[in-house]
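Participant: Could you fit the two chains together into a complex? Lean on the hints.
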Amino acid sequence: MANKTFIADVDRGIYDVINQEDHRFVADKGLTEDIIRDISREKNEPQWMLEYRLKSLEIYKSKPIPTWGADLSELDVENIVHYVRPNTDMKTSWDDVPDDIKETFERLGIPEAERKSLAGVGAQYDSEVVYHSLQAELTEQGVIYTDMDTAVKEYEEIVRKYFMTIITNRDHKFSALHGAVWSGGSFVYVPAGVKVELPLQSYFRLNAKGAGQFEHTLIIVEKGASLHFIEGCSAPKYSVQNLHAGAVELFVKEDAKLRYSTIENWSRNMYNLNTKRSAVDKNGKIEWVSGSFGSRVSMLYPMSILRGEGASSEFTGITFAAKGQYLDTGTKVLHAAPNTTSIVNSKSISKDGGHAFYRGLLRVTPNATNVKSTVNCESLMLDNRSKSDTVPIIEIGNDQVDIGHEAKIGRISDETIFYLMSRGIDEAEAKAMIVRGFVEPITKELPLEYAVELNNLITLELEGTIG
Amino acid sequence: MQIIKIENLKSQVEGQQILKGIDLTINKGEIHVIMGPNGAGKSTLANVLMGHPAHEVLEGTVDFLGKDLLDMKVDERAKAGLFLSFQYPQEVPGVTVENFLRTAKKEVSGIMPMMTQFNKDVKKQMADLNMDEKYLERYLNQGFSGGEKKKNEILQMSVLNPKLAILDETDSGLDIDAIRVVYETVQKLSNDNNGILVITHYNKILNYIKPDFVHVLVDGKIVRSGDITLAEEIERTGYEVFKAENAAKTV
Numbered sequence: 001m002a003n004k005t006f007i008a009d010v011d012r013g014i015y016d017v018i019n020q021e022d023h024r025f026v027a028d029k030g031l032t033e034d035i036i037r038d039i040s041r042e043k044n045e046p047q048w049m050l051e052y053r054l055k056s057l058e059i060y061k062s063k064p065i066p067t068w069g070a071d072l073s074e075l076d077v078e079n080i081v082h083y084v085r086p087n088t089d090m091k092t093s094w095d096d097v098p099d100d101i102k103e104t105f106e107r108l109g110i111p112e113a114e115r116k117s118l119a120g121v122g123a124q125y126d127s128e129v130v131y132h133s134l135q136a137e138l139t140e141q142g143v144i145y146t147d148m149d150t151a152v153k154e155y156e157e158i159v160r161k162y163f164m165t166i167i168t169n170r171d172h173k174f175s176a177l178h179g180a181v182w183s184g185g186s187f188v189y190v191p192a193g194v195k196v197e198l199p200l201q202s203y204f205r206l207n208a209k210g211a212g213q214f215e216h217t218l219i220i221v222e223k224g225a226s227l228h229f230i231e232g233c234s235a236p237k238y239s240v241q242n243l244h245a246g247a248v249e250l251f252v253k254e255d256a257k258l259r260y261s262t263i264e265n266w267s268r269n270m271y272n273l274n275t276k277r278s279a280v281d282k283n284g285k286i287e288w289v290s291g292s293f294g295s296r297v298s299m300l301y302p303m304s305i306l307r308g309e310g311a312s313s314e315f316t317g318i319t320f321a322a323k324g325q326y327l328d329t330g331t332k333v334l335h336a337a338p339n340t341t342s343i344v345n346s347k348s349i350s351k352d353g354g355h356a357f358y359r360g361l362l363r364v365t366p367n368a369t370n371v372k373s374t375v376n377c378e379s380l381m382l383d384n385r386s387k388s389d390t391v392p393i394i395e396i397g398n399d400q401v402d403i404g405h406e407a408k409i410g411r412i413s414d415e416t417i418f419y420l421m422s423r424g425i426d427e428a429e430a431k432a433m434i435v436r437g438f439v440e441p442i443t444k445e446l447p448l449e450y451a452v453e454l455n456n457l458i459t460l461e462l463e464g465t466i467g
Numbered sequence: 001m002q003i004i005k006i007e008n009l010k011s012q013v014e015g016q017q018i019l020k021g022i023d024l025t026i027n028k029g030e031i032h033v034i035m036g037p038n039g040a041g042k043s044t045l046a047n048v049l050m051g052h053p054a055h056e057v058l059e060g061t062v063d064f065l066g067k068d069l070l071d072m073k074v075d076e077r078a079k080a081g082l083f084l085s086f087q088y089p090q091e092v093p094g095v096t097v098e099n100f101l102r103t104a105k106k107e108v109s110g111i112m113p114m115m116t117q118f119n120k121d122v123k124k125q126m127a128d129l130n131m132d133e134k135y136l137e138r139y140l141n142q143g144f145s146g147g148e149k150k151k152n153e154i155l156q157m158s159v160l161n162p163k164l165a166i167l168d169e170t171d172s173g174l175d176i177d178a179i180r181v182v183y184e185t186v187q188k189l190s191n192d193n194n195g196i197l198v199i200t201h202y203n204k205i206l207n208y209i210k211p212d213f214v215h216v217l218v219d220g221k222i223v224r225s226g227d228i229t230l231a232e233e234i235e236r237t238g239y240e241v242f243k244a245e246n247a248a249k250t251v
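Top line first, the protein sequences correspond to chains A and B. Its first residue numbered 1, the first sequence is counted upward by one per residue in the numbering used here. Its first residue numbered 1, the second sequence is counted upward by one per residue in the numbering used here.
This is chain B alone, in the form it adopts within the complex (with noise of 0.2 Å):
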């Protein structure tokens, strides 16, 4: 059952094109992994499809469990079940992780969370993180760390539950003890009713985490696909060869 399908998805950013025809199918109980190089647009593709308005899509459809994915406002395409775990989660003074856990929650699902029920559910899920209780009383990602920031993000996933994850280098500025603990997380959350998107450049992930899916993004274009081998080679040869692979057909 599909629950993602990317056509020719182009798009620029203050007038540079970034994405050049991105195709991309994911089907529920799938783990896809994008790598490539710095700059190749993996980001870009994060934030094109959760809808950041700075990024102008030129072209390209992209369906969303039947709907018009791009049609659609940013907290429309997350109550439709997409969510993106942030590379660099935003800072928000004043607003309780608790407090913003549950209004999400509320948003998402359309129903206010039982507040000592949800309490009890999301203290689960931080354990299961290595996330100290006490972050619920703290406000929205201010003076966390970098690796809590990113325990945060999938504390997010892990409440939302949604029906596609994006995860936008969730690995970077992580020690390898809270890189292992994240993607086993992510591993656990994934099931035969959603699927996940992980974005890296970093393959050790591999060690945690098994996509069915890897493909390769470079220059703005997926240059190649193929399973957990796919990984394996890149890790041997580098990017440079699916560059040259690709400039080679551009030409």
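Isolated chain A, as found in the complex (with noise of 0.2 Å):
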């Protein structure tokens, strides 16, 4: 394969359009109207898009910091425009990676470009060939797939009908942030009746600017079609930058049928606050299979919205909390017509005194009769130090339902260790063997390469040598 990239060029990021000597907007502690009118400017973005931008950064600033779930007492929001623009002067260079970071790149096996591109120091990795290979396949069967800056333009029309109507503006602080500040991320069109059997790849995780910080999905499935996404890779991404808030669209048209799958690594100085929705029609049905990792904080609910008749949402989660972190996730889902059906499966793990917090909402409106839904928590803690909490909130708006709950908290046991030890199997690898075996439902659900990242992930974590 050829390659292109160009390591030693830094990757300034769209946002940064002023020069050096111009500190204007640095010395302004909020964000301003005119960095949003910048950032569309430079996007050469319709009208509606800028409009859109300015209203939310108008929403956002009238609303709270939110409360409840994680600590964000930390969170610089008074200077949140350091996050939206990245200070010029702030050199991005391999060396300043730090080293925890270099030797999981090294030890997950990630190419050295590649390496450089995610940490966010390098230019464009190049996987040219793989694009344009598969994007002939695609665009035959009428697949759109592109990066959502290039949809903005070219699918006008499609994205301006679906862009932010199950995430809106007016959702939360961080969802009014994304509004008036999103940028990258990847926008899928699947054409009624179209089955694309290959799981599609982000491959925007390696090119896409400013990707990892604000980047909006949007993914449609049209009538009967069909379609599984991956997201992200197990690669930590490293950002000076520490808050995310991205934001996932997924719409599942009558009898279609979409897998998500996302794996997420966030480098340990990250408040991870992303919003990710899907709004399911009629037997339509939702894939959510989700791997959190890293970050210092998390929030993260995917939502299954089951707007039409025997809509159905699977949701299988796998949280790892460490040292210092605190991840507060799960899942929700709307019951919001009848005979529709849900399950959720999560895991958590945690170690080192990390904290792992489930939180899901299940809701039934009065009017969706005939719901079924399984609700299975389960948490490992390492040690003695770590926590896990678990709060499923269940709302029943009517009494023709039928719902499961069930929630395990265990701890790692000594006679279990003990055992596999008795058969040569070291202690590290004996604990790894137990959680990847308390993991292996989700692992089961992933393609190959995504399981065995998963494993190797999960076998750093065990040995602490992440952050």
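Mixed in with the good hints there might be a few duds.
Cβ-to-Cβ under 8 Å is the rule here; a few derived chain A residues that face chain B [unchecked claim]:
no., residue
1, Glu415
2, Thr416
3, Arg423
4, Arg436
Derived list of chain B stretches under chain A, where covered just means 3 residues or more per stretch with a C-beta under 8 Å from a C-beta of chain A [stated by the list, open to error]:
no., region
5, 81-89
6, 102-112
7, 194-202
8, 233-243
Rather than coming from a laboratory, the hints here were simulated on the basis of the structure. Where is the CB? At the ideal position from N, CA and C, for every residue including glycine.
Facilitator: See below:
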């Protein structure tokens, strides 16, 4: 494969439009209209998008910081401009990337050029060959797969119809912020009846400017179509800006099926405040496979809105909280139509004082009769210092429902470790085996190479070589 | 040729002394049976030798093939050739029997076994134990009946080919057919290069396995050693007479 990577180039990012002498915005503590206009102008966006951004900014300024869940008091929102427009004086170089992250890249076998790209110090990692062959096949089927910035211009009508409709700028402070400053992300449109056979992997993880911070993912799977979309990777994303407020909007039409898989591994300074939602029409199905690793704080609750009769959702999630991490994750399911079904399987692991908090919401509207739902949460704590909580909220609007809920919290057992060790397996590997077995229901849902990545990642987490 | 030499082994668990000076030597090609009443310390001896972390060794030495066994970690003991068939095998969800067996084989032998050959060999060993091949795909011991768990222990013994296998109450919880299959397999696995230590309080196993030595363990000590006739004596008299003998000695 041709290597067109320019490692020496520093990717300054699209927000980096001011020159070094101009400290106008840096001096201004808040996020201003001027900044938003600059972003939009830089992207050459249609007027409606600019207006949406400006409206979002207004809402952002009026909304309070959430006080439930994670402690966000150390997140410097007054100086949010620093997150949005990186300081040009802030030279990012490979030397500044923390050693633990470098080592993790090494251990995961990520190629040199890709490492630098992931660490945000390389230029674009070139995956053109893969990209084009995939693209040709998809185009033939009428599938649109591009980045969001391009989609706004080239597929404006589709984007306008769906963009920020199930996640809106009024939902919470960070969705408003997202509406104002979003950039990058993936756009997928699958026409009616088209079944995309191979999982579509977000290669944009490697080359979208500004991706990994305020990216917007928009996927529309039309009637009777199906898609498996995979986003993210196990390599830790390193960024000196430590706020991530992305958004994922998934539209699953009648009889359509979408599986959306992510493995996220954020650097340990990150506040990951991501919002993900899916709207599912009649007899449609959404499947979430979600792995949350890394970050200092995460608040992530992918939501399924089952709005068509017979719609269904399946959520399979794994969260791993190690030292110094507070991961508040879970899922929300809204049963808003009759005969809808949902399955939730959530697993969490905490070690070295990490805190894994499962927060789930299951809501059944009064008209949604004959609903079936199963919620299953399991937590595994690897030592006495770690914490785990489970708060599953269930709100039922009618009595014709069948809902099952089970929660288990446990510690890794010394007897089991002894048993495995008595077969020649050393202590670290015995623990890793138990943990890998614990998450096996999730890994088996992933394509092989991702399952391998996930297992490697768990081994690294257990060794404590990350962070 | 000596495999293990235990001298004056004393141990405690949660502050309570259990083993009060065990002496036992097992040579290659020998099958030993330890019998004794409940609470005598039979399982404790097995656990102490394997290195269970809850048990603290107070005194004594254990030489295992020229090495200080008590100085080794649990996995090192296994790599050196020690095996324990657990009285209560642990369930490990998400880890298949096949994957577990291969991993263990790799760790103990130092070589990752070839998948197809390994699979073939294991299936043959399972057939000998009357075990359904489907168990290879099952999660380790999860949802197994008591009998299947014990057969799975002997399957592991068969795969790992240890120098010394300790069978801790492998007969408990088994029906008579399973006991026969298990001990006949163990008898077959016995050879001139290994040693076997069977812990039991069920002397009917002597119908299936032929020990060279029988020991009676009472109150943390081996109070009498002999040949198979000792087992016959226990069958007639029970353990009370041995307890009384021991009490008299202690006083």
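Participant: So which hints don't hold here, by number, going up?
Facilitator: Of the numbered hints, 7 and 8 do not hold.
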